[in-house]
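Visitor: Dock chain F against the given chain Y, drawing on the hints supplied.
From first to last, the protein sequence lines are chains Y and F.
All residue numbers in the first sequence are consecutive under the working numbering, ending with 598.
All residue numbers in the second sequence are consecutive under the working numbering, ending with 312.
It cannot be assumed that every hint is accurate.
[Said to hold, decoys possible] Derived contacts from chain F toward chain Y, CB cut-off under 8 Å, selection only:
(1) I70
(2) A71
(3) R74
(4) M201
(5) A206
(6) G211
(7) N225
Keep in mind the hints are simulated off the structure, nothing from the lab.
From a predicted model like this one, the values you see are computed outputs, not experimental measurements.
The C-beta atom is built at its ideal place from N, Cα and C for all residues, glycine as well.
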Amino acid sequence: MSTDRAQANGGGLLLDIRGLKIEGQSDDVWNEIVKGVDLQLERGKVMGLIGESGAGKSTIGLAAMGFARPGCRITGGQIFFDGIDLQTLSDEEQRQIRGRRVAYVAQSAAAAFNPAHRLIDQIIESPLTHGIMSKADATARAIHLFKKLGLPNPDTFGQRYPHQVSGGQLQRAMTVMALVPSPDLVVFDEPTTALDVTTQIDVLAAIKDAIRDEGAAALYITHDLAVVAQVSDEIMVLRHGKMIELGTADQIINRPEEDYTKRLVSIRQIRKNGEALPHAALLAVDNVTAAYGNLLTVLSNVSVQLPPGQTLAVVGESGSGKSTMARVITGLLPPKSGAIRFDGEALPAKLSDRTKEQLRVLQMIYQSPDVAVNPRHRVREIIGRPLEFYFGLSGREKEKRIAELLDQIEMGEQYIERYPGELSGGQKQRVCIARALAAEPRLIICDEPTSALDPLVADGILKLLLKLQAETKISYLFITHDIATVRAIADMVCVLYKGKVVRFGPKQEVLSPPFDDYTDLLLKSVPEMQIGWLEGVLKTRRMASAGN
Amino acid sequence: MTTEAPPLARNAVSPRKTRLGSALNEFGKAPVTAWFGIIVILAYLFVAVFAPWIAPFRESDTSGPPYAPWGGDYLLGTDQLGRDMLTRLIYGARNTIGIALVTTLLSFTVGGVLGILTAVRGGWIDQLASRFVDVLMAIPSLIFALMLLSVFGSTILNIIIIIAILDATRVFRLARAVAMNVAVMDYVEAARLRGEGLAWIMRREILPNVMPPLVAEFGLRFCFVFLTISALSFLGVGIQPPTADWGSMVRENSTLITYGNITPLLPAGAIALLTVGVNFVVDWFLHKTSGLRDEH
Chain Y
51 MSTDRAQANG
61 GGLLLDIRGL
71 KIEGQSDDVW
81 NEIVKGVDLQ
91 LERGKVMGLI
101 GESGAGKSTI
111 GLAAMGFARP
121 GCRITGGQIF
131 FDGIDLQTLS
141 DEEQRQIRGR
151 RVAYVAQSAA
161 AAFNPAHRLI
171 DQIIESPLTH
181 GIMSKADATA
191 RAIHLFKKLG
201 LPNPDTFGQR
211 YPHQVSGGQL
221 QRAMTVMALV
231 PSPDLVVFDE
241 PTTALDVTTQ
251 IDVLAAIKDA
261 IRDEGAAALY
271 ITHDLAVVAQ
281 VSDEIMVLRH
291 GKMIELGTAD
301 QIINRPEEDY
311 TKRLVSIRQI
321 RKNGEALPHA
331 ALLAVDNVTA
341 AYGNLLTVLS
351 NVSVQLPPGQ
361 TLAVVGESGS
371 GKSTMARVIT
381 GLLPPKSGAI
391 RFDGEALPAK
401 LSDRTKEQLR
411 VLQMIYQSPD
421 VAVNPRHRVR
431 EIIGRPLEFY
441 FGLSGREKEK
451 RIAELLDQIE
461 MGEQYIERYP
471 GELSGGQKQR
481 VCIARALAAE
491 PRLIICDEPT
501 SALDPLVADG
511 ILKLLLKLQA
521 ETKISYLFIT
531 HDIATVRAIA
541 DMVCVLYKGK
551 VVRFGPKQEV
561 LSPPFDDYTD
571 LLLKSVPEMQ
581 IGWLEGVLKT
591 RRMASAGN
Chain F
17 MTTEAPPLAR
27 NAVSPRKTRL
37 GSALNEFGKA
47 PVTAWFGIIV
57 ILAYLFVAVF
67 APWIAPFRES
77 DTSGPPYAPW
87 GGDYLLGTDQ
97 LGRDMLTRLI
107 YGARNTIGIA
117 LVTTLLSFTV
127 GGVLGILTAV
137 RGGWIDQLAS
147 RFVDVLMAIP
157 SLIFALMLLS
167 VFGSTILNII
177 IIIAILDATR
187 VFRLARAVAM
197 NVAVMDYVEA
207 ARLRGEGLAW
217 IMRREILPNV
227 MPPLVAEFGL
237 RFCFVFLTIS
247 ALSFLGVGIQ
257 PPTADWGSMV
267 RENSTLITYG
277 NITPLLPAGA
287 IALLTVGVNF
297 VVDWFLHKTS
307 GLRDEH
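One chain only, chain Y, in its complex shape (with noise of 0.2 Å):
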């Protein structure tokens, strides 16, 4: 039905964007957030919108539905959707095109559904709502569109509650809630950052089949390059609210022209030849089984072992285990059985039975540095902490070495003064490096450091730990689910599933085939930069799914 009219409309102009501009509003001061962007968009075309977080693309996005958010204002520029003037219209006529004819699928289904409501009376509300379907119709597209994106036992998949389902299951939900009018234009925003890479191809799979299938026209806003290749027909390149290049997706992956765009391009290509030589371990998880309370058993039977100077990675998805490994290895949870060894002698289970220097040698490295330091500490006190606690330093002392610490972390001296609220995500991940190094720590666990961080940053900050190695021969923990990230620093590799290691031993052994079935998925399911990337895998998958 939709495939038709999708073809009888053919081509033409459905979403015409001119010089639009839009202020944000911070501090009581309206800025520029999007600095003059023309955005043009064919029927049934797929364009992908990349940029580093503050690119403006979720902005725009929005704006394509005629909506700013609030402390958002719509200053410059029109938006022409189907040749209506999306600005000229009440209220209530934007409304009336928002629910039909433009759908939205943000990047949170959990926070976008209510957890009090089956699932099939949140899709189908807003046809309903808009009296565009009966009840009846309304289910039985629905129920269509769950089969269509491989939910499971479609006709009572509706019947669920949200918590109910899995993550990937809820963002695919939400596909099929803004397809179920068969809407001209969707507009998804990073629908899949927040899912694992196993679940991210499948849900990844599923979007693309069903917009096309379903012949609407979608914006696809990603801060990911290579998950946009995959879906989108062109590709425009933002930052910092305006358009650094615009070509299809063949030409913006294969043959980029602006230096900003090839260095998106060329992210992810840090290598570490790292040769795992013998030595004896500096850290050695020795058959841990560790749990929350007496029923959910978190890590059974974990060993692995850490030489001196390298870098342990822990990659699995969420659930895996692996932060519950840093817990453990912290003595922020005891383990059930098993025992940690740093440096041949045993460490005292509990945090509180530990020495501080055995607290010292061991410093760790959060996931999200906003929360990561404390908001009413300077950088002085942040970074200088740990040399009064540790060294006693206090004085003329701490400041010289301060300086030599955002020295080493490549930031200046000027910060000393600054708050965490004045410091880009970047600079706060590059100071809570500084206080673990402040410590003169042998190992610092670092806890998906880079997964918070927009892409490029996320780059130099990898650098920094490479070249902080190669000064100081630290060693480091690295837990990540991002395959990429283990082929730029690992030295040593440790696949978790569900609690157990799947595979432990040298990055080019655990790398390299043959592989056991979760690696295999593991491996494939990290998207690279390569058009029909996405078609190439689903071929060749050995294993569905790991738990989407």
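Guide: This is chain F only, laid out in the frame that chain Y set:
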């Protein structure tokens, strides 16, 4: 790459405002209501501090005839014992505000420290303290205070301790709730992993982050304490004569109302004006701090 330190010359880092400077700046932008509140509070404080110099008579001078009318030597007339009303009002500010301030500070110290402690430690300490507070809160506080004061006697020290402890339950709840949100942050975990002690974590990591709601609550609590003291005095178990106090002044002269004399309403008006003033300032402060929270 955005992490590359932007080329900021030392002087280009925005001229760092001192705390005082930015505070003054905030005052400049304060709305009229906040200004009104600030002026009222300052005026009350001035009167309270300089009472002996401002007041025309001494606190319990029974120099005049009882129930003298307004005007003459006694600007606002005299009370049932012939004490000057104006003098009593001025000394009342000193006693009532002083006691209320000490009480509020005490209740915040007790409630705040316990609240943050239970949020950080959790476990049985949390359970014990929270359930105890639940029990205290289940009893209507005015009646409870009346009972305790009749048991222990209405000395000023008893009033302060009893009201402070009853009020600390509310502060405890608030402090615990906001501190719980902070205690789960990674920077608190980082401090724990560093080996920091409990006191340091409470004082340096948690307290600065829970200050705004606590300060706002301080203003409101101060008003409530103040009203509670006045109410207790009105009921006769609060501040005892001959100490001047607004609540008991209303009670002692209430018969005058029957004769169309508004004198007993003056101390009531003084209470109302201060309450309104403090609330204006608190509203403004709440608005400022909630605005700050929106930024990140």
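Visitor: For every hint, state whether the structure bears it out.
Guide: Consistency of the hints with the structure:
A distance limit of 8 Å between C-beta atoms decides the matter here; for I70 (chain F) the minimum to chain Y is near 41 Å, and the interface restraint is violated. For A71 (chain F), the suggested interface contact is broken, since its CB lies about 44 Å from the closest CB of chain Y, more than 8 Å. Below 8 Å, beta-carbon pairs count as interface contacts, and R74 (chain F) has none with chain Y, the closest being about 48 Å; its hint is therefore violated. The restraint placing M201 (chain F) at the interface with chain Y holds, with a minimum CB-CB distance near 5 Å, inside the 8 Å limit.
The beta carbon of A206 (chain F) is positioned within 8 Å of a beta carbon in chain Y (closest approach about 6 Å), and the interface hint is therefore held. Of the supplied interface hints, the one on G211 (chain F) holds, with its beta-carbon coming within about 4 Å of a beta-carbon of chain Y, less than 8 Å. Below 8 Å, beta-carbon pairs count as interface contacts, and N225 (chain F) has one with chain Y at about 6 Å; its hint therefore holds.
This entry does not satisfy hints 1, 2 and 3, going by the numbered hints stated previously.
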